[in-house]
Structure formats: structure tokens, C-alpha cells
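If you read the protein sequences in the order shown, they are chains W and D.
Quick note, this note's numbering runs 2 ahead of the 1-based positions in the first sequence.
Quick note, this note's numbering runs 213 ahead of the 1-based positions in the second sequence.
Hints were generated in silico from the structure; no laboratory data involved.
Do not rely on the hints blindly, as some may be mistaken.
Claimed, not checked - Subject to a maximum C-alpha distance of 30 Å in a straight line, what follows is the list of computed DSSO-like cross-link-like pairs (lysine-lysine): (1) Lys638(W) <-> Lys244(D); (2) Lys226(D) <-> Lys628(W); (3) Lys627(W) <-> Lys307(D); (4) Lys628(W) <-> Lys326(D).
Stated by the list, open to error - From the derived model, a few chain W residues whose C-beta atoms are all more than 10 Å from chain D: (5) Arg109; (6) Glu436; (7) Asn500; (8) Gln573.
In this text, a Cβ means the ideal position worked out from N, Cα and C, and glycines have one as well.
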Amino acid sequence: MAASSPSPVEIIPPPSSNGSSRHSAEGNGSPSKARRRATAQSMAAGQRDISVSEFFAKNRHLLGFDNPRKALLTTVKEAVDNALDACEEAGILPEIWVHIQRVGQDRYKVGVQDNGPGIVKKQIPLIFGKLLYGSKFHRMRMSRGQQGIGISAAGMHGLLTTGKPVKIISKVSKREPAHYYEIQIDTKRNVPEILNGRGEGVEVPPNHEGQKAIQKHGIEWIELDHGTRVTIELEARYQRGRGSVDEYLEQTAIANPHVAIHYTDPDDNSRDYQRVTDQLPPEPKEIKPHPYGVELGRLVTMLNDAKEPTIAQFLIGSFSRVSPSIARKLCETIKITTRANPKKIGRHEADLLYQAIQKTKIPAPSTDCIAPIGEELILKGLRQVVPGEFYAAATRPPAVYRGNPFQIEVGLCWGGVSPAQRVSREGLSEMLEESDARTLRQFLITTFQGLGADAADKILAAANVGIRVSPGRLKAAEIDHLHEALQNVNVSEGQSMNVFRYANRVPLQFQAGACAITQTVMQTNWRAYGLSQSRGSLPSGPITLMIHMASVWVPFTNESKEAVACYPEIQKELRLALQAVGRKLGMFLRRRLRVRHEGERRNLFLRYIGEVATAVSRINQADRKKLYDQLMEVAKKRTAEADVELDDRGKPIEEDAVDFGEHVIIVSHEEQKTAETAKNGTA
Amino acid sequence: MAKQPSINTNDTKTLKRLRELASNVVEAAAKKRDPHVDIPTRSLSNVKYNKTRRFIEMGSNTNRRQLFNLSQAKSYMQTMLVASGATQLIEQGKTTSIRGLYYLLKHTIEGTKEETFADQGECDPVIEDCEVLLNSLREELHLYAQKRGEMVGEIVIADSGDEIDCARMGSGGYGIPSIVEPSVIEFRKCNAKFILHVEKDTVWQRFNEDKFWRKHKCILTHGSGQPPRGVRRMLHRLHNELKLPVYCLLDNDPWGYYIYSVIKQGSINLAYESQRMAIPDAKFLGLRSKDFKECQLSDSVKINLNDTDRKRAKQIMGYPWFAHKKEWQKEIKLLLDNGFKLEVEALISKDISYVTEQYTPARLKAKDWLD
């Protein structure tokens with residue numbers, strides 16, 4: 003990396019005299035050329051090792067620290083993901099506390115605590131103070147984190163922007179002392195440096211003495227038997243709306259119904275996401291790599307590191323689904339004996355072996371290594387967080403891409419009010435202040451999920467405020483108007499579908515356009531299910547879609563893990579899952595439409611009955627009232643189907659017998675109301 | 214318009230039919246049945262050409278219109294409204310134009326933003342429905358259509374008691390009213406020997422300015438395209454009561470053929486009125502498909518036939534009252550072969566007064582017309 007791009011400034015002048023250098027240049031037969039600016043020797047002096055930490059310190063954007071706003075989100079995200087992984091691996095129902103405090107202009111303190119198993123003393127500095135240190139990289143197993151960069155990178159970012167170390171306290175059990183560390187990363191050497199307790203950290207005894215220690219060192223800790231809390235201070239920006247910490251936690255709660263989250267934002271508002279199930283997801287099994295998913299380079303490395311004495315044993319032992327007969331067949335294809343020593347396989351043979359693997363039929367990997375959320379829990383999770391009228395979920399059977407097993411799940415929620423309608427007057431004015439959007443229109447579109455340009459224009463027209471007004475300069479009266487417009491303007495038509503993407507239960511919040519999931523949603527024909535959709539875009543309507551891809555190895559398009567790469571196998575599964583929930587939505591919408599049509603029919607008749615009765619009574623002086631009532635009865639008889647009870651919004655309360663199949667929830671209007679009031683009560 | 218006597222026998226008959234219609238609704242409602250009306254169908258499928266009487270008669274097919282049918286509810290309501298409007302007019306002894314009735318009945322339906330009638334175009338067919346439904350003529354419902362068409366010539370008439378000499382109308386003409394029944398219009402004195410009916414105003418002006426009617430002792434009428442009922446009824450009365458032959462000078466296109474067909478056999482839409490409107494002896498003087506060659510017209514007066522024209526021409530060719538007439542089949546076939554149509558005004562390209570001084574007199578003299 004460094005060798006390929008040394009900057010000219012760093013070049014050290016050649017040690018020899020100018021004359022000899024010029025002479026040698028002329029001697030090379032290129033007299034017209036100017037003097038050589040550096041020799042191979044002088045360049046060699048500037049070429050040295052670069053540490054991973056140094057590289058990432060310079061390229062923070064690769065890890066999701068491109069801007070202050072995203073830095074805050076990434077920090078919370080890495081900490082929460084790690085906490086959840088730890089809890090689940092230990093079989094503990096996770097409970098997470100997220101605490102964000104504003105400590106200065108553009109400076110925030112993020113504290114994340116879990117009730118996980120804790121970390122043993124020796125490992126703490128390494129996990130939080132060394133990049134690319136972790137347990138998850140080397141195994142084929144479904145987990146949230148993959149590389150082991152995240153949390154230490156967050157700590158490094160904090161250190162670089164504020165100079166404050168990462169503070170960690172971890173407790174393994176009730177009786178043993180907790181350990182408290184203040185760590186900073188030595189970016190040059192990629193090793194942790196412990197700052198407190200003369201480089202040894204501090205012990206917090208388990209009994210009441212512990213309280214004293216906590217007081218003394220100013221440790222933040224919610225008393226638990228076991229768990230870990232990490233506190234990072236960093237330069238950041240807190241902003242609500244799309245791509246915010248709030249949104250991340252909300253989406254995490256949907257996909258992780260077994261998790262309880264307690265969140266306190268910088269304005270001291272707290273929000274609790276209760277768990278809706280006490281069932282931990284089944285523990286995913288670790289699997290060996292499947293031969294189809296291994297690239298040539300990796301195969302060579304594996305051959306070199308092989309412990310097995312023969313190539314056949316190596317193939318059977320290192321890969322999943324390679325039986326002795328398949329191993330024999332592979333050896334036959336490349337014409338080597340099954341008893342060859344894997345360490346002595348040359349480059350050429352390795353290449354042949356690689357090609358032989360691609361050509362040989364090997365069964366797909368076992369798929370029990372994936373733990374999907376499951377339809378029931380998807381429905382529960384969605385319902386807990388997204389208010390709506392109709393919910394459907396589908397989990398596809400596992401499938402395989404490039405030898406990696408994966409599974410697709412989709413949850414769909416239709417109806418309910420949009421986030422724009424749920425915002426409070428105070429919340430709105432805070433958002434307006436925080437926003438860095440240049441115009442009000444841009445503010446609306448970027449802040450509220452699912453609010454399209456059309457809907458924003460409608461709202462602004464209704465609020466009677468200019469489109470180009472800067473959001474920060476709005477007067478109080480204008481904010482009132484805007485808030486009123488947000489509440490009252492029907493945006494469900496101009497609203498586009500909300501897509502929550504997840505990879506291994508982690509929400510993906512950025513780069514939606516580059517993601518295979520979004521692309522597949524757009525390519526699906528939603529018009530067949532009663533939604534309106536223009537070509538090559540998301541359908542419109544009050545819909546929230548959650549799509550989860552679970553895999554032992556999620557193919558991200560880059561290191562910041564924000565978009566899933568497009569593999570045809572993945573897209574196919576996505577499409578099938580979307581169609582499964584789409585069909586159910588279509589049934590629901592058609593029924594809804596039919597009931598409404600019947601209602602409209604009744605209204606139409608009712609409308610004309612009055613006119614007919616008046617006209618007839620004018621001709622023959624019949625009793626208008628009596629005639630009207632009689633005609634009314636005939637009308638009722640004729641439109642019996644519309645007698646599905648209609649409420650004030652024209653929505654049906656009772657259900658008729660439509661078979662939606664499994665995994666569907668339909669919420670009646672009353673239930674919805676009580677749910678909303680309950681939510682407002684807790685908020 | 215004529216002042217109607219408060220309630221005459223004719224009106225009593227109409228009122229009785231209206232009340233019958235209303236009590237049917239009351240009865241149906243009392244029995245919890247769908248109220249409906251059966252309206253005689255006004256389309257080609259329900260007309261018959263009566264060969265002996267030589268005009269179109271209405272068949273016995275009806276269309277049921279129900280209140281409790283999504284697509285018919287509104288027109289049912291409108292039918293009842295028109296009936297009640299007519300009742301009101303008869304009871305008060307007043308008449309109004311169909312546009313007047315539209316305004317009388319137009320209002321916003323209670324509790325909605327919907328209008329009973331969106332425009333007059335929605336009201337007019339419902340009035341025609343009521344006419345056939347009640348088997349009453351428009352004037353019996355105390356309605357009249359917009360006045361269109363003029364008359365000039367050697368005749369003296371009395372319109373609501375005022376004597377009008379149609380030979381002394383100056384450059385204008387006598388506007389033919391919509392109701393020309395004997396109760397309104399009387400024929401006092403007639404020197405005319407025939408009637409020349411032309412398609413539209415411009416041609417009529419030409420004839421009038423050249424005082425064609427004085428030279429040839431005739432009555433000159435026009436109907437601004439498709440002649441309204443007043444004009445047709447007037448022609449019918451002049452023809453039958455004064456025994457004047459009727460000659461038509463119309464454009465050489467499917468539209469002109471159809472105007473002739475309506476004058477002669479009656480219209481499909483108002484087949485129930487054929488009896489008092491159709492003039493089976495009317496003749497088609499011109500323009501003929503052969504005239505382009507015969508009169509040596511220039512190429513520039515041709516108007517190319519379009520697809521609708523061709524379709525319409527073939528349709529007219531197939532009408533039972535044209536189907537058996539060889540001359541007509543030849544005429545329409547020639548039009549199609551020519552591939553162009555001609556307006557009467559095309560003759561003006563020869564000379565301004567060619568049509569009045571040469572074409573028409575020659576044709577009349579030679580009895581060169583189509584029947």
C-alpha cells in the first residue's frame with residue numbers, strides 16, 4: 003500500500019552527490035532526461051511497514067467515520083452489535099443501555115452497557131485497543147460483527163478527535179471483582195496502552211467497597227451481576243431522522259425481539275424497547291467452508307497450513323460436504339494420488355484442484371448454521387415498533403451462494419401513520435434546529451422515512467411556508483403551521499415504501515441504492531399486489547418492509563458494511579420472499595377495496611334515493627318520508643355485503659373469512675388506537 | 214311561444230301517464246322490490262323499416278333502468294327528475310326549452326358535491342327517454358328544442374295568430390320554431406309549387422339572394438345540418454297538407470345522405486316520431502357523386518374521405534331502406550370509388566350563381582334526382 007504511493011515530500015534526498023547521480027543517469031543512455039529525483043536506494047529508505055491502525059486512522063471513512071454524524075452512529079452501532087453477539091453467544095437474554103450525553107460543542111460521550119458474560123481481564127485491552135483482533139473473523143458462523151475492527155476503531159476515532167481514552171468496565175460474575183480500564187490505542191504499533199492504575203487497570207471489588215471505587219474513579223456503571231460497559235468520548239453530531247442513532251435502535255428492536263434496549267438521548271429523553279419474547283435465537287453452528295466458496299489463494303494457504311497427512315484427509319477434514327468419494331474423485335480428476343501430502347501440492351496442481359472443485363458436483367452446504375428470526379418473531383418485532391393495520395411475514399428456506407449458506411426473511415407492515423405524522427411539536431422544532439439541510443423541502447425528505455418529494459411539496463403548500471426557506475430560520479408561528487400540516491396532510495399516496503434492511507440482524511442504514519435488497523424490491527412488480535409503483539422505483543403507499551439476510555458470510559460491497567452485493571442466488575431468494583408477503587398484502591388490499599366499494603355503492607344509492615323520493619312525491623303527492631324509508635330498506639337489502647361494519651375512516655372492523663394463510667396479523671382500528679395511546683403514555 | 218290553455222285534454226293524458234310512472238315507484242318500494250322503468254330502446258337494433266308505409270318504426274325492445282344498479286342509478290334518478298319537471302310545467306301551464314328544463318332540474322344533491330346534471334348533454338337524452346317512456350311527444354311535455362333552420366318563399370302563414378308573409382322576409386328568413394303544430398302555425402295562402410330544402414345557411418343565403426324561390430315559385434328551407442324536429446315537422450305538414458313535393462340539396466358525403474335519410478324515413482333515435490315527420494316522397498336532388506365529372510369541377514374542391522366517412526358510407530349502404538335501391542347503391546359506391554366528397558359550395562367554384570341559375574333548374578327540369 004505505502005510502497006505504491008509514496009508522496010514526493012517524504013522522499014529523502016539521495017545520500018550520494020549530485021554529480022555521481024547525474025553521471026549514472028547519463029550512463030544509462032538517457033541524456034535528455036532531467037536528473038533522477040530518487041534512486042532505488044533512497045526510495046527504499048522511505049519504504050516501511052504501515053500499521054493497520056495507522057492505515058485506518060487515515061482512512062476512517064472506510065469504517066464508517068466519514069462525518070461527525072455518522073461517527074456517532076457507527077460508535078453506538080459497533081458497541082451494541084458486540085454486546086448483542088456476546089450475550090447471545092453466552093446464552094443470556096440481552097439487555098442493553100445506550101446513553102448519549104452532550105459534553106461540549108460537537109462533543110458527545112457514548113456509553114453502552116450490556117448484561118453479557120463480561121470479558122476476562124487479560125482480553126479487555128486487546129479487544130478494545132487493537133484493531134483486527136477478534137474471534138469472529140476466522141470462523142464460518144453467523145454473527146453480527148465479522149472483522150474485529152469496529153469497536154476498537156470507534157475508540158481510536160474518539161482518541162483522535164478528543165484525546166480521551168476509551169473507558170471499559172467489565173464484570174464476569176457477582177463474586178469476582180470488576181475490572182476498569184482506560185485504554186488508548188498506539189496507532190503506530192497497533193497495540194493497546196493502558197492509562198490508569200499505572201498501566202494495570204483498576205479492580206472494583208464486588209461488595210460495598212466497590213461503590214467507593216466507582217465513586218473514586220468516576221466510573222459509570224449500572225449495577226449488574228455481570229456485563230460490560232464501554233464509554234467513548236468523541237467529536238460527533240447528534241441529529242434525529244434518517245440514518246440516526248434513534249433509527250438504528252428502533253430497527254434493531256424490530257429484528258431482535260428478544261432484546262430490551264434502554265436509550266437515553268442527548269436531550270435526556272429516554273425510550274425503552276421492551277422485549278417481546280423470552281426466547282433466545284437458536285445458537286448458530288459453526289461450519290467448515292464449502293469448497294465452492296473458496297478462492298484459489300485461500301486454497302493454497304489452506305494447503306500449506308494443512309495438518310492432515312494426506313490430501314484426501316485434508317479435503318474431507320477442512321471442507322464441509324466433501325465425502326471420501328468426492329475427495330477421491332477430485333484427486334482422480336487432477337491425477338494425483340489420494341495419499342499425496344497436502345503441503346507438497348504445487349501451485350500448478352492447486353490451480354488444477356481449484357478448477358476440479360468448480361467442475362465436480364458437491365452437495366450444497368448444510369444450512370443449520372443459520373438462525374433466522376422466524377415469522378412469528380418478525381411479526382411481533384414489527385408490531386412492537388411500527389404501528390399498522392396489516393402485518394405479514396415470510397421466511398424462505400435456506401439457500402446457498404458461492405458455497406455460503408444464507409436465508410432470507412421478509413416482514414411487511416401496511417397502514418398506520420407515517421413518522422411525519424407522529425412527530426411532536428417540540429420534536430419538530432428541535433429537528434429543524436439540528437438540521438443541516440439547506441431548504442425546508444430537503445429537510446422534510448431527508449428527515450422523515452418514506453416521505454417523497456411530492457408529499458413534501460404537498461405539506462409545504464398546506465403549511466403555506468416557502469420551499470427554499472432554511473429550516474433553522476423558521477418562526478414559531480411557521481413551525482406551528484408546518485406541524486399542523488404534517489399532522490393533517492394525507493401523505494400516504496405520495497409516501498414511498500419504507501425499506502429496513504438487515505444483515506444478520508444488524509440494520510443497514512446507508513447506501514440503499516447500491517444494495518441488492520433495495521434493488522430487488524424495486525424490480526419486484528408490486529402493482530400486481532394492488533400498490534402503485536413507477537418503473538424502477540420503490541412502490542408508494544404506507545408500507546414498511548423489513549428484509550433480513552442471515553448468512554455465515556454476508557457479502558458486503560465494502561468494509562463499512564452498508565450494502566449487500568448482488569448475487570443472483572440472493573436476489574432470487576429475495577424476490578420469492580417478497581412475492582410471498584406481496585400476495586398476502588394483495589389479498590388484504592383487495593378485500594379492503596371490495597368492502598369500501600360496497601360502501602361507496604351504498605352511498606351512491608343513498609345519495610340518489612333522496613332525489614328520487616322528492617321527484618316522485620312531487621308528481622303524485624306520495625308521502626316522501628315513507629317512500630324514502632322504504633327505498634332505504636331496499637337499498638340495505640341490496641348492499642348487504644357492505645354491512646361489514648364500517649368505522650369513521652371507512653375501514654372495516656370485522657373480518658370476513660379470507661384465508662391469508664399463516665403468519666399474518668390484521669389489526670382492527672380500535673386495537674390500533676389503544677396501542678397508540680399506550681405508546682404515547684410511555685414516551 | 215304559444216300560450217297553452219291551462220289544462221287541456223292532451224295534458225290530462227300526459228299527466229295521467231306521469232302519475233302512473235310515479236305510482237309504480239311507490240308500489241315497488243312498498244313491496245320492497247327494485248323500482249325500475251322499461252324504456253323503449255332507441256337504437257338501430259330496435260327500429261324496423263316499414264316497407265308499405267316507407268318509414269322507420271320503433272320496435273318493441275326495451276331497456277330496463279333500475280335504481281339499484283350502480284351504472285343506472287344516476288340515470289334512473291335523472292329520469293324521475295325530468296318526469297317531475299314535466300309535471301310541474303304541465304300543472305303550471307308553462308313551456309320551456311330543453312335548456313330551461315336542464316336549469317330547472319339542475320341542483321346539488323343534498324349532502325354531496327355532485328350535481329343532478331353535469332351539463333345539458335346529460336339532460337337531453339334523458340328527455341328523449343322520457344318521451345318514449347311516456348309515449349308523449351316533446352311538446353306534450355311542454356318542452357321545445359332550440360330553434361334552428363329558416364324558411365322563405367311563396368307562402369303566408371300565421372304564427373300564434375300573427376300573419377307572416379314568407380315572401381317578404383328581406384335578406385333574412387322566417388325562423389322555424391320548434392313547435393309547428395296546427396295550434397301554433399296555420400297555413401293561410403300558398404303560391405309555391407315545391408319545397409327546396411338545402412343543408413345549411415350559406416347555400417340557403419345564395420338561393421335567397423338570387424330570389425330563386427320567386428323565379429321558380431317555391432319554398433326554400435334549411436336546417437343547419439341535421440334538421441331539428443321543428444323543421445322536419447314543418448316540411449312534413451307542408452308536404453302533406455299543401456301537397457308540395459320536397460327536393461333536397463345536400464352535400465355529397467355520408468352526412469348528407471343521412472340527412473336525406475332522416476327527412477325521408479325518419480331518424481333512428483326518434484323513430485317513434487316518424488309517423489308525423491317522415492316524408493317518404495322526398496327526393497335527393499344533389500350533390501351527386503357523378504357531379505364532379507358532369508359539372509367539370511376543379512380538383513381543388515375535392516375533400517378526401519377519411520376512415521370514418523368510409524365506415525359511415527358502408528353503414529348507410531346497408532340500411533334496409535337503401536339496400537334494395539340500385540340507384541342509391543350505385544351512388545354510394547361511386548362516392549367510395551371517387552375517394553373524395555363534395556360540399557354544395559363546391560359548385561360556387563364554377564360561378565357564384567351556378568348552383569341557382571344552372572345546376573338546380575337543370576336538374577329539376579330533367580327530373581334528375583334520386584328517390
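Hints, verified against the model:
| no. | hint | in the structure |
| --- | --- | --- |
| 1 | Lys638(W) <-> Lys244(D) | holds (14 Å) |
| 2 | Lys226(D) <-> Lys628(W) | holds (28 Å) |
| 3 | Lys627(W) <-> Lys307(D) | holds (29 Å) |
| 4 | Lys628(W) <-> Lys326(D) | holds (25 Å) |
| 5 | Arg109 | holds (58 Å) |
| 6 | Glu436 | holds (43 Å) |
| 7 | Asn500 | holds (34 Å) |
| 8 | Gln573 | holds (44 Å) |
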